[in-house]
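Undergrad: We have chain A already, so just place chain B on it with the hints.
Residues per chain are reported as follows:
Number of protein chains: 2
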Amino acid sequence: MDKWYKCKETSDGVIISSRIRLARNIKKYSFSSAIKKEDAEKVISESRNVIENAEVLEDKYSYMDLQTLSEIEKRKLMEKHIISPYLVKNGDRAGVILREDESVSVMLNEEDHIRIQAIRAGNNLKSAYEEADKMDDLMEDKIEYAFDKDFGYLTSCPTNIGTGMRASFMVHLPYLEKIGHLKNLIQTLGKFGVAVRGIYGEGTEPSGSIYQISNQRTLGKSEQEIMDTLQNITVQIIEKERNMVIKKLETERVVMEDSVYRAYGILTNCRLLTMKEAMSRLSEIRFGYMYDLLKEKKPIHNIYHIMMNIQFGNLQTYAQKELEEGERDEIRAEYLRKCFEV
Amino acid sequence: MDKWYKCKETSDGVIISSRIRLARNIKKYSFSSAIKKEDAEKVISESRNVIENAEVLEDKYSYMDLQTLSEIEKRKLMEKHIISPYLVKNGDRAGVILREDESVSVMLNEEDHIRIQAIRAGNNLKSAYEEADKMDDLMEDKIEYAFDKDFGYLTSCPTNIGTGMRASFMVHLPYLEKIGHLKNLIQTLGKFGVAVRGIYGEGTEPSGSIYQISNQRTLGKSEQEIMDTLQNITVQIIEKERNMVIKKLETERVVMEDSVYRAYGILTNCRLLTMKEAMSRLSEIRFGYMYDLLKEKKPIHNIYHIMMNIQFGNLQTYAQKELEEGERDEIRAEYLRKCFEV
Numbered sequence: 001m002d003k004w005y006k007c008k009e010t011s012d013g014v015i016i017s018s019r020i021r022l023a024r025n026i027k028k029y030s031f032s033s034a035i036k037k038e039d040a041e042k043v044i045s046e047s048r049n050v051i052e053n054a055e056v057l058e059d060k061y062s063y064m065d066l067q068t069l070s071e072i073e074k075r076k077l078m079e080k081h082i083i084s085p086y087l088v089k090n091g092d093r094a095g096v097i098l099r100e101d102e103s104v105s106v107m108l109n110e111e112d113h114i115r116i117q118a119i120r121a122g123n124n125l126k127s128a129y130e131e132a133d134k135m136d137d138l139m140e141d142k143i144e145y146a147f148d149k150d151f152g153y154l155t156s157c158p159t160n161i162g163t164g165m166r167a168s169f170m171v172h173l174p175y176l177e178k179i180g181h182l183k184n185l186i187q188t189l190g191k192f193g194v195a196v197r198g199i200y201g202e203g204t205e206p207s208g209s210i211y212q213i214s215n216q217r218t219l220g221k222s223e224q225e226i227m228d229t230l231q232n233i234t235v236q237i238i239e240k241e242r243n244m245v246i247k248k249l250e251t252e253r254v255v256m257e258d259s260v261y262r263a264y265g266i267l268t269n270c271r272l273l274t275m276k277e278a279m280s281r282l283s284e285i286r287f288g289y290m291y292d293l294l295k296e297k298k299p300i301h302n303i304y305h306i307m308m309n310i311q312f313g314n315l316q317t318y319a320q321k322e323l324e325e326g327e328r329d330e331i332r333a334e335y336l337r338k339c340f341e342v
Numbered sequence: 001m002d003k004w005y006k007c008k009e010t011s012d013g014v015i016i017s018s019r020i021r022l023a024r025n026i027k028k029y030s031f032s033s034a035i036k037k038e039d040a041e042k043v044i045s046e047s048r049n050v051i052e053n054a055e056v057l058e059d060k061y062s063y064m065d066l067q068t069l070s071e072i073e074k075r076k077l078m079e080k081h082i083i084s085p086y087l088v089k090n091g092d093r094a095g096v097i098l099r100e101d102e103s104v105s106v107m108l109n110e111e112d113h114i115r116i117q118a119i120r121a122g123n124n125l126k127s128a129y130e131e132a133d134k135m136d137d138l139m140e141d142k143i144e145y146a147f148d149k150d151f152g153y154l155t156s157c158p159t160n161i162g163t164g165m166r167a168s169f170m171v172h173l174p175y176l177e178k179i180g181h182l183k184n185l186i187q188t189l190g191k192f193g194v195a196v197r198g199i200y201g202e203g204t205e206p207s208g209s210i211y212q213i214s215n216q217r218t219l220g221k222s223e224q225e226i227m228d229t230l231q232n233i234t235v236q237i238i239e240k241e242r243n244m245v246i247k248k249l250e251t252e253r254v255v256m257e258d259s260v261y262r263a264y265g266i267l268t269n270c271r272l273l274t275m276k277e278a279m280s281r282l283s284e285i286r287f288g289y290m291y292d293l294l295k296e297k298k299p300i301h302n303i304y305h306i307m308m309n310i311q312f313g314n315l316q317t318y319a320q321k322e323l324e325e326g327e328r329d330e331i332r333a334e335y336l337r338k339c340f341e342v
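Taken in sequence, the protein lines are chains A and B.
Letter 13 of the first sequence, counting from 1, is numbered 13 in the working numbering, and no numbers are missing.
Letter 273 of the second sequence, counting from 1, is numbered 273 in the working numbering, and no numbers are missing.
Extracted from the complex, chain A is given alone in its bound form (with noise of 0.2 Å):
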């Protein structure tokens, strides 16, 4: 079973990928930041027995314990958003279930006891929904959660209090970002209650124009409002990108194409490549494909999965070998090359 960000089509539009996350708490338990690590340790062992025992789950999956984990392991997780930072902090009592394809998870003992989070690549944020949903679903049927009539479910962090849901777009803006209009673009979604972060989520640097558009509130909304507000917003950022991209196209075609074949040119001949650049002329590359400006035989990889590949903990799988901080450079940029030779 190929993983979600195979997919073809990740490469060739604006919408990378679409994600539903669910912030759930067992009702009988304390909020993770008060647990008793022997409450903790139920959480798991419960947890996993839902899903380990569910009948109705077709694909695999299978229970990664962050205490047996190495920190290599634990790198290439974050680097692919399968755990965040805040589980590998409770690394001894956290845990997560991951389906085979990495398009389902769920973190235990985060933030909250349970974050159910199910992925899809593209514009599918409603089939990225229901599988959440239905694992949602699944645990409910054998688990207590904390919920209140009047609030919702009940999380650790208020401002997930309500639906617990966190849904999102990671889009890829490189002519938004270039000209400099997201930050008030960005100031602007606020007040509609939408965040817009860099890859890897709160406090992080965007890095290869790729960002997270996500919803700020979840109270008082059912998650399809939630949705279709994402969903609405999203595509009209896109669609900014896209009109000014096709006008500035109209008077500075050959601007655009040196540009986008110097990237290609750097990123297919260079020996040195520090993760920022890389990801700068990968970005570039993106885009020289999406608007048919690059004419060169695609990667093997789609863009966004070779993203995820050169940083540091991936990139010890293509070497495989542990890399000294001096090493790194040269060894992405001998895998960038073979990404190339097609």
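Hint data in this document are derived by calculation from the structure and do not stem from the laboratory.
Since this is a predicted model, take the numbers as computed values, not measurements.
Incorrect hints may have been included.
What the hints assert, rightly or not - Straight-line C-alpha distance at most 16 Å; calculated EDC-like pairs for lysine to aspartate or glutamate:
(1) B:295 with A:334
(2) A:295 with B:334
(3) B:42 with B:144
(4) B:3 with B:144
(5) B:37 with B:65
(6) A:27 with A:41
To be verified - Counterexamples of contact, computed for chain A against chain B with all Cβ distances above 12 Å:
(7) 145
(8) 221
(9) 229
(10) 242
What the hints assert, rightly or not - Label pairs and their calculated CB-CB ranges:
(11) B:341 with A:338: 19 to 25 Å
(12) B:73 with A:251: 32 to 38 Å
(13) A:243 with B:73: 46 to 52 Å
(14) B:239 with A:274: 57 to 63 Å
(15) A:338 with B:292: 18 to 24 Å
(16) A:2 with B:274: 41 to 47 Å
(17) B:254 with A:193: 45 to 51 Å
(18) A:144 with B:254: 57 to 63 Å
(19) B:255 with A:41: 26 to 32 Å
(20) B:276 with A:338: 30 to 36 Å
From the three backbone atoms N, C-alpha and C, an ideal C-beta is built for every residue, glycine too.
TA: Okay, now just chain B, sitting in the frame of chain A:
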């Protein structure tokens, strides 16, 4: 008969070419600055007469009158170092006699009545001198030169009095330039009567890390002494460049490979390239081949030949049409990609 610069060796070593120039004047006429137009015309007819009727010359020579040459043709000849801006300035009474392989030329009514130039690919000053000397003997046999038994050949500018000879090497010194060692070197060499200049002589900016190293003094020294001094000094400079590069390669090979491959990646992919950037990328690529850092196939012409071909005038030969200023960078990039598609 192939042009001298098509020689393969010119892209392999630090010395691109060796050149001898002899300044001569006809005794019976005033120097160029004061010459009457009818006398200037006689300078041309008498010189042409000697060369066109010489039985000893095996190669084909042809005469070009500057009055009948188009602006582009003049530009192309300047870009190839066959004629000088000074000759173009005297265009109403000037001409050039050129050997088919462009290695020997005689400018008529430049700063002096007669300027014989012989050029050879690589480190071949002696052979260049022999060619120039042969032409000089031929003309001196039929024309009475302005000559003083104490001072030697009399020339328009006092710095040329004596042998009237300027010997020069065109060298490629990317590393000394890069690390900023050339400025001091140029000052030091000045004390020994040796000048280091940019690719287009006095007052021009160095481009593509290419320099002309030439003698400044011609009085009180024999031709052999001038050439020996220049040869010794140039060999020392080359060894300095080479030794420093080799030392650097011991510790920073990958960094240098990276830099060379980036230049190659950009040059062979980009869609717009200014003259300045093209020269700089070609210089890095030449350096890469020279030290075996760049493993890609060599281009269709040697790098110095390509450097000539991408200049404004010669680029039109490739384009087969007049190029507007806005088109040049695009055509230059296209031409360069073609050169490396081997």
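Undergrad: If you check each hint against the structure, which ones fail?
TA: Per hint list: 4, 14, 19 violated.
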